[in-house]
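Protein chains in written order, with my numbering: chain A, 1 to 68; chain B, 1 to 134.
Hint data in this document are derived by calculation from the structure and do not stem from the laboratory.
Hints should not be assumed to be uniformly reliable.
[Stated by the list, open to error] Below, a list of computed lysine to aspartate or glutamate pairs in the DMTMM-like style, where the Cα atoms sit at most 25 Å apart:
{"#": "1", "chain 1": "A", "residue 1": "K37", "chain 2": "B", "residue 2": "E67"}
{"#": "2", "chain 1": "A", "residue 1": "K2", "chain 2": "B", "residue 2": "E67"}
{"#": "3", "chain 1": "A", "residue 1": "K37", "chain 2": "B", "residue 2": "D61"}
[Stated by the list, open to error] Only some residues are given here: those of chain B computed to face chain A with a beta carbon under 10 Å:
{"#": "4", "residue": "R71"}
{"#": "5", "residue": "V72"}
{"#": "6", "residue": "G126"}
{"#": "7", "residue": "R128"}
{"#": "8", "residue": "Y129"}
{"#": "9", "residue": "G130"}
{"#": "10", "residue": "S131"}
Being a predicted model, the structure only gives us computed values, none of them experimental.
Just so it is clear, CB atoms sit at the ideal spot from N, CA and C, and this is done for glycine as well.
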Amino acid sequence: MKNRLRELRDKRAWSQGDLAEQLEVSRQTVNAIETGKYDPSLPLAFRIARLFRMTIESIFEPGRDLNR
Amino acid sequence: MPRTRRTDPRHRVMLLMCVFVGLMFFLWPHARTTTSMPLKTVLVLLPIVPMGTALWLIAMDIVRSDELQQRVHLIAMSIASGITAAATFIAGFLCAAGVLVLGGDDLMFVLPLISVSYAASNLVVGRRYGSAGC
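Let's have the full structure, built from the sequences with the hints guiding it.
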């Protein structure tokens with residue numbers, strides 16, 4: 001699953017640590033989401049969307065799995 | 001509920017494991033020589049206290065960790081359980097066939113085996129997600 005997390009974080013000049021702190025997860029988790037190695041759970045996706053005041057689908061883009 | 005790692009209990013776990021090893025070295029000679037069965041049982045089981053506390057701290061750390069860390073722990077524990085189950089199964093078969101002679105004290109190797117395979121699995125799985133393990 002693709003996402004715009006890095007882009008949105010860069011716009012706000014936040015470090016991965018800053019974002020991790022606000023989401024109450026580890027910096028490794030933020031890094032894994034940004035690099036596409038890990039897809040967040042629905043509650044975490046909602047927390048991310050709420051933090052950036054956006055909808056989930058405007059941050060996360062389904063990959064090939066959903067287009068099958 | 002959002003979860004994240006707030007404290008690193010590794011130093012406390014290491015300290016408790018040192019206490020465990022120290023107690024083993026100190027108590028084991030006495031446990032082998034003492035004739036009183038209740039005292040022997042107490043001496044043998046006393047090192048379980050720091051080990052059990054260490055396991056409790058590890059469990060609490062996993063509960064407090066976030067969803068990715070919990071996933072890494074779960075995968076690592078599954079791999080470690082599989083390795084340990086396979087190793088003990090093979091050893092059991094070899095023992096039943098008379099190829100290998102095993103005693104009851106060989107059961108003491110189960111915990112170190114699962115710990116080592118868990119640590120290795122945690123490192124490998126953690127790297128897969130871009131970290132050095134949890």
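Okay, the hints, checked on the actual structure:
{"no.": "1", "hint": "A/K37 to B/E67", "result": "holds (14 Å)"}
{"no.": "2", "hint": "A/K2 to B/E67", "result": "holds (19 Å)"}
{"no.": "3", "hint": "A/K37 to B/D61", "result": "holds (23 Å)"}
{"no.": "4", "hint": "R71", "result": "holds (8 Å)"}
{"no.": "5", "hint": "V72", "result": "holds (9 Å)"}
{"no.": "6", "hint": "G126", "result": "holds (8 Å)"}
{"no.": "7", "hint": "R128", "result": "holds (7 Å)"}
{"no.": "8", "hint": "Y129", "result": "holds (5 Å)"}
{"no.": "9", "hint": "G130", "result": "holds (5 Å)"}
{"no.": "10", "hint": "S131", "result": "holds (4 Å)"}
The earlier numbered hints are all upheld by this structure, with none contradicted.
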